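Chains A and B, in that order, give the protein sequences.
Numbering of the first sequence is given in the numbering used here, commencing with residue 45 and proceeding in unit increments.
Numbering of the second sequence is given in the numbering used here, commencing with residue 688 and proceeding in unit increments.
These are calculated hints, taken from the structure and not from any lab test.
Remember, predicted model here, so these are calculated numbers, not experimental data.
In this text, a Cβ means the ideal position worked out from N, Cα and C, and glycines have one as well.
One should not assume that every hint holds.
[Stated by the list, open to error] Below 25 Å or equal to it, Euclidean Cα-Cα: the simulated BS3-like pairs (lysine-lysine) are:
hint	chain 1	residue 1	chain 2	residue 2
1	A	K91	A	K102
2	A	K273	B	K890
3	A	K192	B	K922
4	B	K930	A	K192
5	B	K930	A	K335
6	B	K930	B	K907
7	A	K122	A	K76
8	A	K231	B	K953
9	A	K122	B	K922
[What the hints assert, rightly or not] If you want a taste of the chain B side facing chain A, the calculated C-beta under 7 Å gives, among others:
hint	residue
10	T707
11	L726
12	Q760
13	S764
14	D818
15	L831
16	P834
17	L859
18	V862
19	I918
20	G938
21	L939
22	E941
23	I946
24	S952
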Amino acid sequence: MKEIFVLAEHRRGELRDVTFEMLTKGRELSQKTNMDLTAVLLGYNVKEFAKKLADQTKRVLIVDDARLENFNAEAYQKVLSNLISERKPPLTLIGHTAFGVDLAPSLATELNAPLATDCIDVDFEEEKLVVVRQVYGGKVNVKASLRKSDSYIVTLRPATFEAQQVEPLGGEITEVPSPLKEDIPYKKFIEYFEAPAGEVDITAADILVSVGRGIKEADNMPIVEKLAKALGGVVSCSRPIVDKGWLPSDRQVGTSGKTVKPKLYIAIGISGAFQHVSGMKNSDIIIAINKDPKAPIFRAADYGVVEDLFKVVPTLTDKILEGKA
Amino acid sequence: MDKEENRMDIIVCVKHVPETAEAEITVSPGGKSINTEDLVFDINEWDDYALEEAVLLKEKLGGAVTAITVGPQDADSTLRKCLARGADKAIRLTDKAFEGSDAFATAKILHKAIKDLPFDIILTGTQAGDDGYAQVSVVLAELLGIPHVTMVKKVEPKEGFMRVNRELEGGLQEVLEVKLPALLAVQTGINEPRYVSIMGIRKAREKELKVLGLADLGLKEEEVGGCGSWITVEKMFIPPVEKEAEILTGGLDEVSAKIVEIIKSKGLV
Ligand SMILES: Cc1cc2nc3c(=O)[nH]c(=O)nc-3n(C[C@H](O)[C@H](O)[C@H](O)COP(=O)(O)OP(=O)(O)OC[C@H]3O[C@@H](n4cnc5c(N)ncnc54)[C@H](O)[C@@H]3O)c2cc1C
Numbered sequence: 045m046k047e048i049f050v051l052a053e054h055r056r057g058e059l060r061d062v063t064f065e066m067l068t069k070g071r072e073l074s075q076k077t078n079m080d081l082t083a084v085l086l087g088y089n090v091k092e093f094a095k096k097l098a099d100q101t102k103r104v105l106i107v108d109d110a111r112l113e114n115f116n117a118e119a120y121q122k123v124l125s126n127l128i129s130e131r132k133p134p135l136t137l138i139g140h141t142a143f144g145v146d147l148a149p150s151l152a153t154e155l156n157a158p159l160a161t162d163c164i165d166v167d168f169e170e171e172k173l174v175v176v177r178q179v180y181g182g183k184v185n186v187k188a189s190l191r192k193s194d195s196y197i198v199t200l201r202p203a204t205f206e207a208q209q210v211e212p213l214g215g216e217i218t219e220v221p222s223p224l225k226e227d228i229p230y231k232k233f234i235e236y237f238e239a240p241a242g243e244v245d246i247t248a249a250d251i252l253v254s255v256g257r258g259i260k261e262a263d264n265m266p267i268v269e270k271l272a273k274a275l276g277g278v279v280s281c282s283r284p285i286v287d288k289g290w291l292p293s294d295r296q297v298g299t300s301g302k303t304v305k306p307k308l309y310i311a312i313g314i315s316g317a318f319q320h321v322s323g324m325k326n327s328d329i330i331i332a333i334n335k336d337p338k339a340p341i342f343r344a345a346d347y348g349v350v351e352d353l354f355k356v357v358p359t360l361t362d363k364i365l366e367g368k369a
Numbered sequence: 688m689d690k691e692e693n694r695m696d697i698i699v700c701v702k703h704v705p706e707t708a709e710a711e712i713t714v715s716p717g718g719k720s721i722n723t724e725d726l727v728f729d730i731n732e733w734d735d736y737a738l739e740e741a742v743l744l745k746e747k748l749g750g751a752v753t754a755i756t757v758g759p760q761d762a763d764s765t766l767r768k769c770l771a772r773g774a775d776k777a778i779r780l781t782d783k784a785f786e787g788s789d790a791f792a793t794a795k796i797l798h799k800a801i802k803d804l805p806f807d808i809i810l811t812g813t814q815a816g817d818d819g820y821a822q823v824s825v826v827l828a829e830l831l832g833i834p835h836v837t838m839v840k841k842v843e844p845k846e847g848f849m850r851v852n853r854e855l856e857g858g859l860q861e862v863l864e865v866k867l868p869a870l871l872a873v874q875t876g877i878n879e880p881r882y883v884s885i886m887g888i889r890k891a892r893e894k895e896l897k898v899l900g901l902a903d904l905g906l907k908e909e910e911v912g913g914c915g916s917w918i919t920v921e922k923m924f925i926p927p928v929e930k931e932a933e934i935l936t937g938g939l940d941e942v943s944a945k946i947v948e949i950i951k952s953k954g955l956v
């Protein structure tokens with residue numbers, strides 16, 4: 045029986061959400077194509093994870109090796125290229141995460157297996173693999189096909205498919221001996237590093253006034269600060285504002301920043317890239333202010349204002365202060 | 688540190704991309720690309736940081752920076768920018784046969800150009816803002832047979848290796864050591880890219896900008912372009928709207944009043 049591989053992703057003792065999201069897509073494809081769904085688990089002392097994965101799959105292949113304790117693309121690639129060459133799964137799914145981005149392209153090159161990255165959909169259409177991706181910051185979608193091959197690799201965008209609860213399938217857990225013989229020569233994991241927490245915790249705020257690159261200059265920041273103050277809220281931001289050093293990194297909302305769920309989220313001059321949206325889409329009410337009517341942020345927001353922020357924000361601030369007076 | 692010994696040969700790969708965050712984007716008639724005539728092109732955001740990191744390393748350790756791009760003649764403006772900001776040489780790889788290359792084919796083109804050049808470090812951006820593959824750098828490293836680190840947020844040169852911080856999710860980073868030569872794909876925010884100075888522009892005029900094509904690189908037509916690619920674009924389209932915000936209309940006062948109403952109705956003010 046042919047297999048679809050889903051590579052389990054875990055970090056610091058936890059299976060990551062993207063693993064279960066991929067299992068959802070993998071299950072759908074395995075039913076459609078009549079292939080087995082196989083979870084591939086690399087790690088050290090990760091038997092507990094194997095049980096969870098077995099609930100959702102036909103089988104779990106586990107490679108247990110101290111050298112696989114922390115993710116290391118070099119070690120992972122060696123093990124996976126072995127497994128894929130041996131078992132020849134027509135499709136391997138990997139998360140489009142810090143982990144997948146470091147691993148999938150070199151693995152695909154070594155195996156000469158066509159790769160499509162950051163996909164929001166994938167399907168077999170008559171022997172060919174077809175994917176959907178987003179380009180130009182989410183403004184355009186692309187449907188693309190991959191060169192004909194016996195084995196494909198696809199990285200899936202996180203938070204795109206929904207993790208599902210299923211009746212436990214009781215998949216078989218098979219331990220595969222580690223092919224790693226010696227130390228990993230080129231890359232060495234040293235430690236994790238987390239920036240110390242600042243004074244403001246944006247995840248605890250009820251109202252977030254969030255600012256993006258549309259603010260243009262550091263000198264313009266007081267406009268949003270005033271609005272936040274009038275509302276009794278806190279200023280958060282998209283990534284470029286932190287990259288430029290205009291706000292500290294603990295104010296950043298998104299995949300590489302914080303995930304927030306305030307009662308009110310006002311996005312000002314933020315385009316709505318998925319890395320940003322995945323960090324704020326579960327807010328109670330989202331209001332977006334952006335001069336571009338096609339900005340993807342309007343697909344995440346409840347209310348939108350298509351206007352120059354430099355006009356709306358001060359007027360809005362005045363209105364709120366008036367109401368309070 | 689002894690400059691001569693530690694002198695670094697650095698290659699930085701850059702891409703000339705359209706700025707689309709604020710532009711109106713339309714799909715061209717064939718449905719396989721977007722109309723770019725009215726768009727402004729510049730160096731890819733991630734590559735801007737890679738270039739700066741290359742120049743910072745050169746300033747610290749001595750050495751030379753070579754900027755390389757695959758692209759049409761217009762891309763010379765991005766290479767000139769690299770030269771003005773501190774790169775010493777620039778190479779543009781271009782050929783009719785390169786058209787339609789995906790990330791894999793692009794990496795093959797870069798590989799042929801780089802494999803015989805001296806280098807200790809290759810710097811690239813983690814991804815390009817247009818097609819967002821985040822593949823070229825890692826495929827290139829694999830073809831060259833050197834280690835890579837993506838999402839790099841900090842670089843510390845050591846003896847024969849680099850200590851780097853790599854960005855993970857949720858504000859977490861991992862610290863790694865990687866042996867040289869290596870490819871580092873940087874993430875935005877790793878440094879503060881400098882502005883182009885008038886002096887820089889003047890100096891750039893004297894610097895070498897080489898153009899190489901298919902034959903110069905010893906590539907065959909079937910290795911590049913659509914034939915040499917993994918991916919074929921079937922169709923580009925504006926994403927279907929699943930959920931659209933209710934757009935508040937009216938003058939500034941009216942719109943503001945409506946927002947205040949919404950906020951009040953939820954008991955937030
Ligand atoms: C691995 C990775 C992780 C990432 N993590 C994050 C993350 O955690 N958080 C995050 O935010 N991003 C993250 N990003 C970056 C993300 O892809 C986008 O580049 C970023 O979110 C864009 O920020 P922006 O919307 O502020 O800027 P842009 O995309 O440049 O958008 C600016 C917006 O402002 C609007 N605008 C301009 N002027 C005005 C005006 N006068 N009035 C009104 N509107 C105006 C424009 O129309 C545009 O829509 C990550 C990227 C990668 C590759």
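Structure-based check of all given hints:
1. K91(A) with K102(A): Roughly 16 Å between the alpha carbons, so the hint for K91(A) and K102(A) holds.
2. K273(A) with K890(B): violated (48 Å)
3. K192(A) with K922(B): holds (18 Å)
4. K930(B) with K192(A): violated (35 Å)
5. K930(B) with K335(A): Between K930(B) and K335(A) the Cα gap is close to 19 Å, so the pair holds against 25 Å.
6. K930(B) with K907(B): violated (47 Å)
7. K122(A) with K76(A): violated (30 Å)
8. K231(A) with K953(B): violated (52 Å)
9. K122(A) with K922(B): Roughly 35 Å separates the two Cα atoms, so the pair is violated.
10. T707: Constraint on T707(B) satisfied, holds at 4 Å.
11. L726: Not OK, violated: L726(B) not within 7 Å of chain A, min 10 Å.
12. Q760: violated (23 Å)
13. S764: violated (20 Å)
14. D818: holds (5 Å)
15. L831: violated (11 Å)
16. P834: OK, holds: P834(B) within 7 Å of chain A, min 4 Å.
17. L859: holds (6 Å)
18. V862: With Cβ-Cβ at 4 Å, under 7 Å, it holds.
19. I918: holds (5 Å)
20. G938: violated (9 Å)
21. L939: Holds. Min distance 5 Å.
22. E941: Where the cut-off is 7 Å and the nearest Cβ of chain A is about 10 Å from E941(B), the hint is violated.
23. I946: holds (6 Å)
24. S952: violated (10 Å)
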